[in-house]
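Trainee: With chain A fixed as given, assemble chains B and C onto it according to the hints.
Listed below are the residues making up each chain.
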Amino acid sequence: MCLAVPGKIVSIYTSGAMRMCKIDFGGVVREACIETLPEAKVGDYTIIHAGFALNILSEEEAEATLEALRQIGAFEEEDQDLIGE
Amino acid sequence: MTSENVTMQGPVCPLPISHYDHIMLGHGSGGKMTHDLVKRLFASAFNNEALAAGDDSASLPLPAAAQLEGRLSFTTDSHIVSPLFFPGGDIGRLAVCGTVNDLCMLGAEPLYLTAGFILEEGLSIEILQRVVRAMQAAAIEAGVQIVAGDTKVVEKGKADGLFINTAGLGWIPAGRHISGSLARPGDVVLISGSLGDHGMAVLTARGELGLETGIQSDVAPLNSLIAAVLKAAPNTHVLRDPTRGGLGTTLNEIAAQSKISIWLDETAIPVSPAVRSACEMLGFDPLYVANEGKVIVILPAAEAQAGLAAMKQHPLGQSAAKIGEIKEGSAGRVQLRTAFGSTRILDMLAGEMLPRIC
Amino acid sequence: MRFTDEFRDASMVKTVLEEIRRTVTRPWVLMEICGGQTHAIMRYGLDQLLPPEVELVHGPGCPVCVTPLELIDKALAIAARPDVIFTSFGDMLRVPGSQADLFSIRARGGQVRVVYSPLDAVRIAQENPDHQVVFFAIGFETTAPANAASVIQAKALGLKNYSILASHVCVPPAMHAILGSPANRIQGFLAAGHVCSVMGTWEYPPIAAQYQVPIVVTGFEPLDLLNGILMTLRQLEAGKAGVENAYPRVVTERGNVAAQKMILQVFEPCDRQWRGIGLIPMSGLGLRAEMEEFDAEKRFSVSGIQTRESELCIAGQVLQGLKKPHHCPAFGRQCTPETPLGAPMVSSEGACSAYFRYHREEA
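Note that the protein sequences, when read in sequence, are chains A, B and C.
Residues in the first sequence are numbered from 1 upward in steps of one, following our numbering.
Residues in the second sequence are numbered from 1 upward in steps of one, following our numbering.
Residues in the third sequence are numbered from 1 upward in steps of one, following our numbering.
Bound-form chain A, shown alone (with noise of 0.2 Å):
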């Protein structure tokens, strides 16, 4: 496990019992599952498994992480710069 994708909420709706909506991957649209994110809006990005929406994903987050990545590098660069390489 866990083969899961993150998908744009493209449409809500309520189909057998369960509050579902459609999502956007990357232009293949499919049907989830999205009960327990009672938030959960269009527009929202989420990260769908077997069907089923785990969470949704937050974009500051995704930023944050990559910058924080980014500054590895960037720390490098300045370090090797003072050393004069």
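Among the hints, a few may not be true.
Unchecked claim - Straight-line C-alpha distance at most 20 Å; calculated EDC-like pairs for lysine to aspartate or glutamate:
{"id": "1", "chain 1": "A", "residue 1": "Lys8", "chain 2": "B", "residue 2": "Glu266"}
{"id": "2", "chain 1": "C", "residue 1": "Lys14", "chain 2": "B", "residue 2": "Asp265"}
{"id": "3", "chain 1": "A", "residue 1": "Lys22", "chain 2": "B", "residue 2": "Asp265"}
{"id": "4", "chain 1": "B", "residue 1": "Lys259", "chain 2": "B", "residue 2": "Glu121"}
{"id": "5", "chain 1": "A", "residue 1": "Lys8", "chain 2": "B", "residue 2": "Glu212"}
{"id": "6", "chain 1": "C", "residue 1": "Lys261", "chain 2": "A", "residue 2": "Glu39"}
{"id": "7", "chain 1": "A", "residue 1": "Lys22", "chain 2": "B", "residue 2": "Glu280"}
{"id": "8", "chain 1": "A", "residue 1": "Lys22", "chain 2": "B", "residue 2": "Glu266"}
{"id": "9", "chain 1": "C", "residue 1": "Lys14", "chain 2": "A", "residue 2": "Glu63"}
{"id": "10", "chain 1": "A", "residue 1": "Lys8", "chain 2": "C", "residue 2": "Glu221"}
{"id": "11", "chain 1": "C", "residue 1": "Lys14", "chain 2": "B", "residue 2": "Glu266"}
{"id": "12", "chain 1": "C", "residue 1": "Lys155", "chain 2": "C", "residue 2": "Glu297"}
{"id": "13", "chain 1": "A", "residue 1": "Lys22", "chain 2": "A", "residue 2": "Asp44"}
{"id": "14", "chain 1": "C", "residue 1": "Lys14", "chain 2": "A", "residue 2": "Glu67"}
No lab work stands behind these hints, which were simulated from the structure alone.
Mentor: What follows is chains B and C alone, placed relative to chain A:
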């Protein structure tokens, strides 16, 4: 299509076939199970030189009395695709293009096709008419004629609507030698365009996995594209279309036939964004998904640029790319270099590809 | 694809790898306990790119691999019944039981259908009122909410022909079993990111404290995996043993509380056999008594199952990280992806299958 990758070992008992005593769907996937079945059951029984070459069609000499140089290219194929109609094509177009393509993979000019139909009782005549019209349209596009046929009807439930069997005849000009066994170290591997379109289009059309995609099958006759490539690169060694089993399986066949190893650059392999997304979702590898309008070209490095340019100028080859090289050593091995510089082995598809959660 | 491609950036991967090399001063043994992470590591060849001091051991994170043999045999017996449409994730179809697998049951006439989601199985039950529809509900905590939702939906729709064959397993008890074993070599853990997106991270601090082992919640893309590995190594080098979250875009400390509640509506903790490892107490999820009507094991009395494991298969040792796949005498010979002797060779991210597919030359 004739048998794939047969190595003859002298008299062999065709049974047992690994550990299966019934035919499984995996035997039709084009991967290892298919190869096993063909090798142990069919090829060992039919046992002749043409079959043993293991290419997409048989290259056959004419009797001396014909007094002609050059050879016949002869092939057969059966088409069982479900659903009958899918985005970008249908079973009829697939039947004509698939057979035409098998002939061209030996560098043949495709000439004549036959078409045998197994029809399920209850099939609507209107559907049959659509299929037949699509076949004629594809035949005109490819410049071939459908010159013989047969029709049988089976009881309801026995044929999934419609099965088509085709045979194809083509002419290989004298002096042209193209075969899966001719790849040589130093050769370059080209692909004519993006991978996985056909397989994902059909899977989407089946509807079982609930996907909505805009993916269209790439099914198309490749003879004019190949003619352009061969004009620019007359010393091309190998042509093969990566149909069922995908690029990965097909390159494994070639590597085994030619007894060389193939190295691929993963970042160079073209895959459309929608196919990539659909594969990510289901846990599929686009390198194993079927294509019906793409060709792998393996040619000497000296002619690679010309061959690639010729493809890119053709409507069916605009996304063509160089994806790898042929090397000595590790005969039969196909390896991929990732974007990060690591390498992994690309094996043949084992059985069916199934959506996974892990 | 957004939120995916950025985490596969080759130049950033290179930078993080360099940082990992700068960080390690001595050998360390890390374990990841998620089949999806094993698959990603193999697919991108990350283990080749790590410095030799870092040993990655692939733990029992593949629910397909650890589903008990007896349950597979029960699944096969149920699937063979003419009144049953047996539905399953694709992963399970080639897992060998004692005699057969779901593929061969299908070949012999059993109705076996692959579904992408358990909710699709419920729809099949609605569309086939004259058949019993059984869903093979395997998985870790990641899959439990979806499987639970299918039962809740079936109940709400009043379906009498839907049931599940449940074999859920939970990560924390497995970590206890591994870390608590006298043969344990694992010094740092990558926690499974998608399990944690459901369950949160609150279960891990007691484990980290008890065994003094750093645990870093890690994602699945190359950058996520390397970031998780880097954070674990930094802790190890500093002598720390805490819980950190390297996948905060999807994982929070509490997790998805509504999903956790949904799981407990349908399931409750129970003892579970892990194929190749043995019984781990309270490591599974089984149907609650009030959901008994959806329990396929009770609905179909399947008796007389005689399980028979291959004698050659060392899956248990591989799953616990005590042996590598290519140490097994049957690896690549009697045991291959087409002729698997044990479960880790079947699932595409079982340790043995991943090794076979991607790294055979080391064998």
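Trainee: Quick one: which hint numbers does this structure break? Sort them smallest to largest.
Mentor: 1, 3, 4 and 8
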